[in-house]
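Colleague: Keeping the supplied structure of chain A fixed, place chain B upon it in accordance with the hints.
Protein sequence lines correspond, in order, to chains A and B.
Take the first sequence: its position 67, counting from 1, is numbered 67 in full-length UniProt numbering, and each next residue is one higher.
Take the second sequence: its position 66, counting from 1, is numbered 66 in full-length UniProt numbering, and each next residue is one higher.
Simulated from the structure, these hints should not be mistaken for laboratory data.
From a predicted model like this one, the values you see are computed outputs, not experimental measurements.
Hints should not be assumed to be uniformly reliable.
Distance windows between CB atoms, simulated [said to hold, decoys possible]:
id, chain 1, residue 1, chain 2, residue 2, range
1, A, Gly203, B, Gly164, 47 to 55 Å
2, A, Thr193, B, Pro325, 28 to 36 Å
3, B, Ser272, A, Lys50, 53 to 61 Å
4, A, Asp36, B, Leu37, 34 to 42 Å
5, B, Pro67, A, Ile239, 29 to 37 Å
One side of the interface only, derived from the structure: several residues of chain B facing chain A at Cβ under 8 Å [to be verified]:
id, residue
6, Gln36
7, Arg38
8, Asn42
9, Lys132
10, Asp170
11, Thr201
12, Ile212
13, Ile213
14, Val277
15, Arg278
16, Phe281
17, Pro282
18, Leu284
19, Ile286
20, Gln288
Cβ atoms here follow ideal geometry from the backbone N, Cα and C, with glycine treated the same way.
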Amino acid sequence: MTFKTEHYVINIGPQHPSTHGVFRLRLTLDGEVIVDVEPIFGYLHRGMEKLAEGRNYTKNIPLTDRLDYLASMINNQGYCMAVEDLLKIEVPERAQYIRVIMAELQRIGAHLAGIGFFLNDIGAFMTPLLYMFREREKIVELFDMVCGQRLNYNYMRFGGVAMDLPDEFLPALKKLLNELPGFINEYDQLITTNEIVLVRSKGVGILPREMAVNTSAAGPVLRGSGVKWDLRKNRPYSIYDRFEFDIPVGEHGDTYDRYLVRMEEMRQSVRILKQAAAQIPEGEYMGKVSKLIRPPAGETYTAVEGAKGELGFYIIADGSENPYRWHVRAPSLINLTALREMLIGWKVADLMAIFGSIDIVMGEVDR
Amino acid sequence: MDWGHFLIFTVILFGFVISGVLFFIWYERRGLGRFQLRPGPNRAGPFGLLQPIADAVKVLLKEDLVPALADKPVHFLAPLVAFVPAMAVFAVIPFGDGALLADLNIGILYIMAVSSMIVIGIFMAGWSSSNKYSLLGAMRTIAQEVSYEIPLVLSILGAVMLAGSLSLNDIVKAQDVPFILLQPLGFLIYMTAAMAEINRTPFDLLEADSEIIAGFQTEYSGMKFGLFYLTEYAETLSVSAIASTLFLGGWAGPAFLPGFAWLILKIIAVFSLILWVRATFPRLRIDQVMAFCWKFLLPLALLNLLLTAVLVLTGLNDQLWLAIPLNLALAVVLIIGLSRQYKTGGGHAVN
Numbered sequence: 001m002t003f004k005t006e007h008y009v010i011n012i013g014p015q016h017p018s019t020h021g022v023f024r025l026r027l028t029l030d031g032e033v034i035v036d037v038e039p040i041f042g043y044l045h046r047g048m049e050k051l052a053e054g055r056n057y058t059k060n061i062p063l064t065d066r067l068d069y070l071a072s073m074i075n076n077q078g079y080c081m082a083v084e085d086l087l088k089i090e091v092p093e094r095a096q097y098i099r100v101i102m103a104e105l106q107r108i109g110a111h112l113a114g115i116g117f118f119l120n121d122i123g124a125f126m127t128p129l130l131y132m133f134r135e136r137e138k139i140v141e142l143f144d145m146v147c148g149q150r151l152n153y154n155y156m157r158f159g160g161v162a163m164d165l166p167d168e169f170l171p172a173l174k175k176l177l178n179e180l181p182g183f184i185n186e187y188d189q190l191i192t193t194n195e196i197v198l199v200r201s202k203g204v205g206i207l208p209r210e211m212a213v214n215t216s217a218a219g220p221v222l223r224g225s226g227v228k229w230d231l232r233k234n235r236p237y238s239i240y241d242r243f244e245f246d247i248p249v250g251e252h253g254d255t256y257d258r259y260l261v262r263m264e265e266m267r268q269s270v271r272i273l274k275q276a277a278a279q280i281p282e283g284e285y286m287g288k289v290s291k292l293i294r295p296p297a298g299e300t301y302t303a304v305e306g307a308k309g310e311l312g313f314y315i316i317a318d319g320s321e322n323p324y325r326w327h328v329r330a331p332s333l334i335n336l337t338a339l340r341e342m343l344i345g346w347k348v349a350d351l352m353a354i355f356g357s358i359d360i361v362m363g364e365v366d367r
Numbered sequence: 001m002d003w004g005h006f007l008i009f010t011v012i013l014f015g016f017v018i019s020g021v022l023f024f025i026w027y028e029r030r031g032l033g034r035f036q037l038r039p040g041p042n043r044a045g046p047f048g049l050l051q052p053i054a055d056a057v058k059v060l061l062k063e064d065l066v067p068a069l070a071d072k073p074v075h076f077l078a079p080l081v082a083f084v085p086a087m088a089v090f091a092v093i094p095f096g097d098g099a100l101l102a103d104l105n106i107g108i109l110y111i112m113a114v115s116s117m118i119v120i121g122i123f124m125a126g127w128s129s130s131n132k133y134s135l136l137g138a139m140r141t142i143a144q145e146v147s148y149e150i151p152l153v154l155s156i157l158g159a160v161m162l163a164g165s166l167s168l169n170d171i172v173k174a175q176d177v178p179f180i181l182l183q184p185l186g187f188l189i190y191m192t193a194a195m196a197e198i199n200r201t202p203f204d205l206l207e208a209d210s211e212i213i214a215g216f217q218t219e220y221s222g223m224k225f226g227l228f229y230l231t232e233y234a235e236t237l238s239v240s241a242i243a244s245t246l247f248l249g250g251w252a253g254p255a256f257l258p259g260f261a262w263l264i265l266k267i268i269a270v271f272s273l274i275l276w277v278r279a280t281f282p283r284l285r286i287d288q289v290m291a292f293c294w295k296f297l298l299p300l301a302l303l304n305l306l307l308t309a310v311l312v313l314t315g316l317n318d319q320l321w322l323a324i325p326l327n328l329a330l331a332v333v334l335i336i337g338l339s340r341q342y343k344t345g346g347g348h349a350v351n
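Just chain A, with the same shape it has in the complex (with noise of 0.2 Å):
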């Protein structure tokens, strides 16, 4: 007696508690094995590129805020230099400083939310994300002292921040700074050698050197392969050349690898952070701009790194209030480029470690 099988298609997603919001991959499987990928995105498409031709530059600020959610201040910055270039206007010195500590604790943020939800997907019982969420309120309440959001800050503004610092800031700020290193070192201890952990991601979903740079991969997922490349350091911005830090990169690019780097970026945005807050002076908070905003006709693609990689805003001026043209390069959506090679061959467990490990904010796949 023979016996037969086929293949049969499996859909994961659109609504699926591992697809980090509304997206669908139409699978392949033979048995539990991946055959075939099909990634399926736009779910949560909203014209966003669109809707920014129609409405001002400063009204688009809270647009940004909406595409990596988990890195709304990161965005802002972006989006800001972006115009700042258009319009050839200084950032005083206290803004920059502002700017990076809220773009750096940002980072930390969407690591911390990025680490929580991969062990998540490789079944980890929301144990680990939920000791996440304990320190990534930390940062949101910080975030909250000094724009009175939680989510969506819209805090950065073309020429500086909204607000001042409060007073409490700094302190609050400190005292935090000096409890991260022991919390992220305790992840360390119960993550980093947990055997589960090192059989579900160790030389799984390998994303090789020359494919990384292949894909336009960013961020972590990119140094998870061994790309020393990280805009902070590779093409200064802001006043990122002032700090010390380094450049944390894989050896194998796997999952494990784009794990580690992850938790090292988190130790080096402290690093800067301590930094920051040390030599933060005093001043003004915002340059001298005009309420109206006219950048003459021009263009610009300004990028920062955020916390998933390269993001880019791509403007095209033409003299009026509106842009004519607004893009974005978002690296969620560019590191997911490579996720079919990622996924042939592997199960449909691998599926969530790999998928978890690229760390997509589905804001900003579909924009």
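Modeller: Positioned in the frame of chain A, the structure of chain B alone reads:
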């Protein structure tokens, strides 16, 4: 057959299982809350004690949906097929000397035979749902649960050898010291295999919420889902009860508490261990789970059986002062030695 004894004990057991399950649900949710830095249910009743009742009411009131393409009779029967054996296991668990529903001289054999029936219920549920997540869950069920049955039985045999009986009542009476001291390895293997049998982290691949939504029970709602939920906790209760009976001395304990209280305390202790594991570990992959069973647990269980046989035959196990350290040392050596040899095979592409 004494019908009065049968009737009264059935009612008591039913009450015990249902209230035990309700307690476990509350205890687990509160416990997980503590592990996860959150309060857990604390609104319904004092300390959230009424939460399981509220859950039960909610489950009863929910609409019972059946997929259009489901195999309806099988879909309907599956929760029952799973639930009844989970209850029936308790017939042979002694709550005191002779205080059990049926003192079978083949008690252990009965437990193994009955509890393995649950797999059929779960497979029926997964297969009949006509849902591919359920199908994957069902395929995993057969692979995993059937495999883990083997180290599970082998680990129990150590205790059976020491007691020289298959009756649970006799096994409890044979424990001058709890068998965990003479069978540390057996206990560990039993707990690991049992956690795989009852579908608990890190072996919860049948439902694997982050992978296949809820696996075999994806298409179940209302009371049918409730029955699966009950089954899962009744199984956990039975696993804890069997572990307490076989390895922790069952109802035996200092006289200031009655026998059944000792048993219940031991059950809660074992359940706490299971809960702790659930709150801590991520999930393995199905091939890793299978490799772990066949390449690690099974050889370990066989070695344990062999060594126990040698110790029993040579009479060494009766010399407690020697047997306890010897057994502990053997357990440590075997676990470390075998884990050096063993590879999960994780981390390699499967093609």
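Colleague: Would you mind marking each hint as holding or not holding in the structure?
Modeller: Quick rundown of the hints versus the structure:
The hinted window of 47 to 55 Å between Gly203 (chain A) and Gly164 (chain B) holds, with their beta carbons roughly 48 Å apart. A hinted range of 28 to 36 Å holds for the C-beta pair Thr193 (chain A) and Pro325 (chain B), which are about 30 Å apart. Distance hint for Ser272 (chain B) and Lys50 (chain A): a CB-CB separation of about 56 Å, consistent with the stated range 53 to 61 Å. Taken as a hint, the range 34 to 42 Å holds for the pair Asp36 (chain A) and Leu37 (chain B), whose Cβ atoms sit roughly 41 Å apart.
Here the CB-CB span from Pro67 (chain B) to Ile239 (chain A) is close to 59 Å, at odds with the stated 29 to 37 Å. For Gln36 (chain B), the interface hint holds, the least distance from its beta-carbon to any beta-carbon of chain A being 4 Å, beneath 8 Å. Checking Arg38 (chain B) against chain A by beta carbon gives a least distance of about 6 Å; that is within 8 Å, so the hint holds. Given hint, Asn42 (chain B) at the interface with chain A, is violated; its Cβ is 16 Å from that chain's nearest Cβ, farther than 8 Å.
For Lys132 (chain B), the suggested interface contact is upheld, since its CB lies about 5 Å from the closest CB of chain A, less than 8 Å. Interface restraint check: Asp170 (chain B) against chain A, minimum CB-CB distance 38 Å, threshold 8 Å, status violated. Evaluation of the Thr201 (chain B) hint against chain A yields a held restraint, the C-beta minimum of about 6 Å falling below 8 Å. The interface hint given for Ile212 (chain B) is met, as the beta carbon of that residue sits about 7 Å from the closest beta carbon of chain A, less than 8 Å.
Of the supplied interface hints, the one on Ile213 (chain B) holds, with its beta-carbon coming within about 7 Å of a beta-carbon of chain A, less than 8 Å. Annotation: Val277 (chain B) was flagged as interfacial toward chain A, and the flag is violated, the nearest CB pair being 10 Å apart, outside 8 Å. Proximity of Arg278 (chain B) to chain A holds as hinted, the smallest CB-CB distance being about 6 Å (cut-off 8 Å). The beta carbon of Phe281 (chain B) comes within 6 Å of a beta carbon in chain A, closer than 8 Å, and the hint placing it at the interface holds.
At about 4 Å, the closest approach between the beta carbon of Pro282 (chain B) and any beta carbon in chain A falls short of 8 Å, and the interface hint on this residue holds. Interface restraint check: Leu284 (chain B) against chain A, minimum CB-CB distance 6 Å, threshold 8 Å, status holds. Satisfaction of the interface hint for Ile286 (chain B) is found here, the shortest Cβ-Cβ separation to chain A being roughly 6 Å, below the 8 Å cut-off. The criterion of a C-beta within 8 Å of any C-beta in chain A is met by Gln288 (chain B), whose closest approach is roughly 6 Å, and the hint holds.
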